[in-house]
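J.: Read off the chains here:
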Amino acid sequence: MSTNPRNLPDANCGFRDEIRPGELLEEALSALGDDVGAVAVFVGRVKGVVEGKRVDSLEYEVLEPQASLTLQRICEEEAEKHGLAGVRVYHKRGLARVGEPVLFIAAASKGRREALEALREILERVKHEAFVWKLERREDGEYWVLGDSKRVPRGQASSASRQP
Amino acid sequence: MKYVSLFRDIAAKKEESIELPGGARLRDLIRVLSERYSGLGEYLERGEFVALVNGKVAELEEELPDNSEVVVMPPISGG
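So the sequences go chain by chain: A and B. With the working numbering applied, the first sequence has no gaps in its numbers, which climb one by one up to 224 at the end. With the working numbering applied, the second sequence has no gaps in its numbers, which climb one by one up to 1025 at the end.
Don't take each hint at face value.
Some, not all, of what chain B presents toward chain A, calculated at C-beta under 7 Å [as the list claims (entries may be wrong)]: (1) Met947; (2) Leu952; (3) Ser963; (4) Gly969; (5) Val978; (6) Gly1025.
Okay, the calculated bits of chain A under chain B, using three or more residues with CB under 8 Å as the criterion [as the list claims (entries may be wrong)]: (7) 86 to 92; (8) 184 to 192.
Bear in mind the hints are in silico, worked out from the structure with no lab data behind them. As the structure is a computational prediction, the values presented were derived from the model and not from experiment. Just so it is clear, CB atoms sit at the ideal spot from N, CA and C, and this is done for glycine as well.
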């Protein structure tokens, strides 16, 4: 089990080329002490259909070093806020195919309430703060995803420029 | 000046240099970008963006130090 520089509980967060939820959960569980009674887990994956259109892939663009620093800060702050025994957040970078896991979050605590609340808050923060953007490739073209759900067709975006 | 994601497409470049008068604020730079790239102005004027000045999230009234590196990016879409 590794610890972060602030001596908070097991907090490991970062970006990876591949997210393997089974292995990550096993690692997280093996790092826990006997006082932990709950581990809340979230796994995000690429949807195959959006707005009725077949999706081929998502391309995750990550701005470093801000993205990794922000993930680590979210982990540390939420661990402290909820008194977690452990927290792990791993986010995909690069190309992701339909069905591929792209986000793994595990929050561990003595009781279920803290773990579940932390899980929800970490998820929302990662979606809005993590310096990550998605390009969605689907049967009717490419779309930039902005925020939670706004989609902008890629070609349309570049043609709106006044200067080349 | 660096552009990310959708904004890189609109500007059709990853980065460029922009000169502003001394004492300029982030708001002044945003105005220049909106005039230069109409597609970008659509988002900037609605506040649909995040800006980093020298690696830190900045507010519109923040003054830009000499040789600042500014990154403008659309709303984050993690997960």
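J.: Please verify that hint: Leu952/B, Cβ, nearest Cβ of chain A, below 7 Å or not.
T.: Result: holds, 4 Å to nearest chain A Cβ.
J.: Should the interface hint for Ser963/B be scored as holding, given a Cβ-Cβ cut-off of 7 Å against chain A?
T.: Constraint on Ser963/B not satisfied, violated at 14 Å.
J.: Count the residues of the stretch 86 to 92 of chain A with a beta-carbon closer than 8 Å to any beta-carbon of chain B: does the count reach three?
T.: Answer violated; 0 residues pass the 8 Å Cβ test.
J.: For the stretch 184 to 192 of chain A, do three or more residues have a beta carbon lying closer than 8 Å to a beta carbon of chain B?
T.: holds (count 7)
J.: Answer holds if the nearest beta-carbon of chain A is closer than 7 Å to that of Gly969/B; otherwise answer violated.
T.: violated, 26 Å
J.: Verify the interface restraint on Met947/B: the C-beta must sit less than 7 Å from at least one C-beta of chain A.
T.: violated, 13 Å
J.: Restraint: Val978/B near chain A, CB-CB cut 7 Å. Satisfied or not?
T.: violated, 12 Å
J.: Report holds or violated for the interface hint on Gly1025/B, using the least CB-CB distance to chain A and a cut-off of 7 Å.
T.: holds, 4 Å
Of the hints listed earlier, those the structure fails to meet are numbers 1, 3, 4, 5 and 7, in rising order.
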